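A.B. asks: Here is what each chain is made of, one letter per residue.
2 protein chains.
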Amino acid sequence: MKLYDFALAPNPRRVRIYLAEKGIEVAKEQVNLREQDQLKPEFLAINPFATVPVLELDDGRHIAETIAICRYFEDIHPAPPLFGRDAYEKATVEEWQRHIENEGFLAVGEAFRNGMAGFKGRALTGQYGYEQIPDLVERGTQRAMRLFGLLDRRLAKQEYVAGANYTVADITALVAHDFGVRAKVLATEDMPNLRRWYGAVSTRPSASA
Amino acid sequence: MKLYDFALAPNPRRVRIYLAEKGIEVAKEQVNLREQDQLKPEFLAINPFATVPVLELDDGRHIAETIAICRYFEDIHPAPPLFGRDAYEKATVEEWQRHIENEGFLAVGEAFRNGMAGFKGRALTGQYGYEQIPDLVERGTQRAMRLFGLLDRRLAKQEYVAGANYTVADITALVAHDFGVRAKVLATEDMPNLRRWYGAVSTRPSASA
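So the protein lines, in turn, are chains R and D. Residue numbers are given in the working numbering: position 157 of the first sequence equals residue 157, and the series is strictly consecutive. Residue numbers are given in the working numbering: position 142 of the second sequence equals residue 142, and the series is strictly consecutive.
Among the hints, erroneous ones may be present.
If several chains are the same, the list does not tell them apart, and a pair holds so long as it fits within one copy or across any two.
[Claimed, not checked] Okay, derived cross-link-like pairs now, EDC-like style, lysine to aspartate or glutamate, Cα gap no bigger than 20 angstroms in a straight line:
no.	residue 1	residue 2
1	120	135
2	2	29
3	120	59
4	120	138
5	22	138
6	90	56
7	2	131
8	90	37
9	40	178
10	2	89
11	2	59
12	90	75
Calculated directly from the structure, the hints in this document are not laboratory data. Bear in mind that the values here come from a model prediction, so they are computed numbers and not experimental data.
Can you make the complete structure from the sequences, with help from the hints?
C.D. replies: Below, the structure is given as structure tokens:
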């Protein structure tokens, strides 16, 4: 088994944190996105969406999507559960993982990639070049700030973003947070409950995976 | 149990088709998005993202997200499986559900809402008003056409979008297709494998749910 990874990109970090929480070790191969290695024909044959992470199984099959890779490991290695325990908790983890991804993680990416000179002509991931749309910088920033503001109010009443337990939704929120702060899209100093949560999740050993 | 629904919106349709495939009946309450009922304080208290569908359980708890609702039913009512059977198939269904949602379903929505006069000042779902960004009409159209082109090539070699079985990924693709065609964002006449697949999934009794 092998994980196509890139140490500096946010989506592979989600899988690395997930695997560290599970105590699973997987061999890694770096796909250098700065050198555009993801656009080489041999990589596009594996993943036409030209993204990492991709998991290669021992029989040569691939799973080419962040959360799909995590779910694969959840199925073959269920403990500790990171996608919820009973039907309601599983649904709630899915619900918040998706809210945080769409309104937080993707919003940060939208603000970042449409504003940075280095992503000119590559404003979306994937094999096709898309021009930057400057209005998306402000829109992405507003969306991410609103999502984290909502999480702050939610975290006044519960320990983790999806409820009482640490889950994959916290991983998405942690990686979106760090990506957003580094990209100067996100500022959470005035969000005390969010800060308390961030102190807890960012000091777990998995956070440095 | 009660499903907050709106007959004309694409996301609730995904849940209705899913429930029809499972043979599950759930009481429905219409939230009229044309009248902006989703922005009323009593609905925002249920779902701050101001979207339908929302599932209300008998104990008053809510699940406020399309795929999270489907997963809840998958857990309490596993047959027939619509999220995959073994670990690899489950991961593949998740992978393609997410690819199709991000590059197809959301791309169609992007092209539609940023171009229609009726969505001026409401270019994104949710409780906040976002202005339309005209460049997203072309970008969303390109993305959706490329995703369906990729599905067409994929469907030359397999029966359904995630593999040999009909799954929730087909539901997302079917609803994205119909939304895209109605919005004049998508044209699939030149995609023979896609047409074969569409003929099969659109004539299942669930498609009219």
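A.B. asks: Next, verify each hint and record whether it holds.
C.D. replies: Results for each hint:
1. Proximity of residue 120 and residue 135 under a CA criterion of 20 angstroms is satisfied in both settings, with 14 angstroms inside one chain copy and 15 angstroms between copies.
2. Taking the shortest Cα distances, residue 2 and residue 29 sit within 20 angstroms of each other inside one copy (7 angstroms), while across copies they are farther apart (48 angstroms).
3. Taking the closest pair of Cα atoms, residue 120 and residue 59 never come within 20 angstroms of each other, the shortest separation being 38 angstroms inside a single copy and 51 angstroms across copies.
4. Taking the shortest Cα distances, residue 120 and residue 138 sit within 20 angstroms of each other both inside one copy (17 angstroms) and across copies (18 angstroms).
5. Proximity of residue 22 and residue 138 under a CA criterion of 20 angstroms is satisfied in neither setting, with 37 angstroms inside one chain copy and 42 angstroms between copies.
6. When the C-alpha separation of residue 90 and residue 56 is checked against a cutoff of 20 angstroms, the pair qualifies only between copies, where the shortest distance is 16 angstroms, while the shortest distance within a copy is 26 angstroms.
7. Taking CA atoms no more than 20 angstroms apart as the test, residue 2 paired with residue 131 passes in neither setting, with 33 angstroms inside one copy and 44 angstroms between copies.
8. For a Cα distance limit of 20 angstroms, the shortest separation of residue 90 from residue 37 qualifies neither inside one copy, at 36 angstroms, nor across copies, at 28 angstroms.
9. When the C-alpha separation of residue 40 and residue 178 is checked against a cutoff of 20 angstroms, the pair qualifies neither within a copy, at 29 angstroms, nor between copies, at 34 angstroms.
10. For a Cα distance limit of 20 angstroms, the shortest separation of residue 2 from residue 89 across copies, 18 angstroms, qualifies, whereas the shortest one inside one copy, 30 angstroms, does not.
11. Taking CA atoms no more than 20 angstroms apart as the test, residue 2 paired with residue 59 passes inside one copy only; the shortest distance there is 11 angstroms, against 44 angstroms between copies.
12. For the homomeric pair residue 90 and residue 75, the shortest alpha-carbon distances inside one copy (13 angstroms) and between copies (9 angstroms) are both at most 20 angstroms.
Hint compliance for this structure: hints 3, 5, 7, 8 and 9 are broken, all remaining hints hold.
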